[in-house]
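K.L.:
Chains as they are written, first to last, in this note's numbering: chain B, 1 to 173; chain W, 1 to 101.
Note that these hints are calculated values from the structure, not bench results. In this text, a Cβ means the ideal position worked out from N, Cα and C, and glycines have one as well. Nothing false has been slipped in among the hints.
Pairs of lysine to aspartate or glutamate, EDC-like flavour, derived with a Cα cap of 20 Å: (1) W:K94 x W:D66; (2) B:K122 x B:E84; (3) B:K99 x W:D72; (4) B:K156 x B:D134; (5) B:K171 x B:D141; (6) B:K71 x B:D48; (7) B:K150 x W:D75; (8) B:K150 x B:D96; (9) B:K105 x W:D75; (10) B:K99 x W:D75; (11) W:K100 x B:D12; (12) B:K158 x B:D134; (13) B:K118 x B:E84.
Some chain W residues flagged as far from chain B (calculated, every beta-carbon gap over 12 Å): (14) N27; (15) A30; (16) V61.
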Amino acid sequence: MSALHRLLRALDRVFPSRIAYAHCDIPCGIYDPHHAQMAAHTVIRMVDLIGQLEKPGPSSTPEQRQEYHNKLARYLLVKEQHAEIAKHEVRVLWGDYFKPEHLQKFPELHDLVWKALKSGSKARQEINLQAAEDLLRTTNDIATIFWRTKGLDVLKAKAPYPTERETVYPKFH
Amino acid sequence: MWPIARFRVSDSSMVPTLNPGDYVLVNRWAYLLGRPSPGDIVVVRHPTHTNTVLVKRVASVTEGGDVIVRGDNPDRSVDSRQFGPIPRGRIVGKAFTTAKP
Numbered sequence: 001m002s003a004l005h006r007l008l009r010a011l012d013r014v015f016p017s018r019i020a021y022a023h024c025d026i027p028c029g030i031y032d033p034h035h036a037q038m039a040a041h042t043v044i045r046m047v048d049l050i051g052q053l054e055k056p057g058p059s060s061t062p063e064q065r066q067e068y069h070n071k072l073a074r075y076l077l078v079k080e081q082h083a084e085i086a087k088h089e090v091r092v093l094w095g096d097y098f099k100p101e102h103l104q105k106f107p108e109l110h111d112l113v114w115k116a117l118k119s120g121s122k123a124r125q126e127i128n129l130q131a132a133e134d135l136l137r138t139t140n141d142i143a144t145i146f147w148r149t150k151g152l153d154v155l156k157a158k159a160p161y162p163t164e165r166e167t168v169y170p171k172f173h
Numbered sequence: 001m002w003p004i005a006r007f008r009v010s011d012s013s014m015v016p017t018l019n020p021g022d023y024v025l026v027n028r029w030a031y032l033l034g035r036p037s038p039g040d041i042v043v044v045r046h047p048t049h050t051n052t053v054l055v056k057r058v059a060s061v062t063e064g065g066d067v068i069v070r071g072d073n074p075d076r077s078v079d080s081r082q083f084g085p086i087p088r089g090r091i092v093g094k095a096f097t098t099a100k101p
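Construct the complete structure from the given sequences, taking the supplied hints into account.
P.N.:
Dropping the structure here:
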């Protein structure tokens, strides 16, 4: 067997083998719920901005209408994208990071993930502040579980963004 | 399609069968006719990170031909327990030889 290994290693110097991962979560073990939380903040912010946008009236000029549609389209696009980013990040944590032993300690995890994905979808489909708030709340709850599985406590603080919602952060010692 | 592919093993989900740095030689034609059987060591594409290939052992085969895979070292393995069955088309091949230092 050793001769074969030597031969393959020599071959590797000329034509490197592909790597077959045994433990496969690439990038190896690097997960963070913060992406999902930030994306949820962005969705809230977009709903706020859409709400603040002045709607064109009957006396608006074509330029004012164009300006309105341009801004609205941009806010909607970002809302769509970030609701999807939040959903994607939650799915990655759920499918790749969390393990059965985590679920034993935190049996509410599946339900939380489900609620996060549902509120993410609703926040995409509608201009719905409640759905956006639900998305942030559920990603915060998932973040709490995530940091607990890392042996860290969490703190809740007002986020330093215009949304200023309460957000879960890990308490590093 | 050339029948033999070689892979170098990283990580330790197949310990003690395979250690990091071992090689596996894979027969890519193995399942053209036959079906995978439980116990086969296979190289598969990760269901979501499609550029990543994994080496695992077949635990069981579903009626549709999808395979349920496990690492031999379950504590260090991410496998069908997390990502579910692997479609048959995602199997790269069956390991027929492993090479250790």
